[in-house]
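Colleague: Let the hints inform the model, and build the full structure from the sequences given.
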Amino acid sequence: MADETTPAGGPELDAPVERRRRGTRPRGNRTAITVRVPDEQYAQYSREAEDLGIPIGSWAAIVLAESRGLEVPEYIKTEISKAAARRDAAHRAHAEELPLPRSA
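The sequence shown maps to residues 34 to 137 in this note's numbering.
Hints were generated in silico from the structure; no laboratory data involved. Any given hint could be a false lead.
With a straight-line Cα cutoff of 20 Å, these simulated DMTMM-like cross-link-like pairs (lysine to aspartate or glutamate) come out [said to hold, decoys possible]:
no., residue 1, residue 2
1, Lys110, Glu81
2, Lys115, Glu81
3, Lys110, Glu83
4, Lys110, Asp121
5, Lys115, Glu104
Modeller: Written as structure tokens, this is what we have:
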């Protein structure tokens, strides 16, 4: 009979299995800031963030970094890459659903 550390038919495990933690991945040390912008400007900022597929806070961090010639944080580059991959996958899935025109 196998105990809790021995899989059925397998060798005894040396260490417990580490499970992947759920939730947001660490993004490094950061400081929160609050910015108030005019309503008519917010709509544009929000659209630009949405176009990139990232939160508006990440978009603001890009704009601030670029305005000072600083590197865009790596976690934001990752957010943008993941959003692009999701858009591409959705586009491919949608293209597969469309019927192809029949030729005579």
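Colleague: If a hint holds in the structure, say so; if it does not, say that too.
Modeller: For each hint, the structure was consulted:
1. Lys110 with Glu81: holds (15 Å)
2. Lys115 with Glu81: holds (16 Å)
3. Lys110 with Glu83: Holds, at about 15 Å.
4. Lys110 with Asp121: holds (17 Å)
5. Lys115 with Glu104: holds (19 Å)
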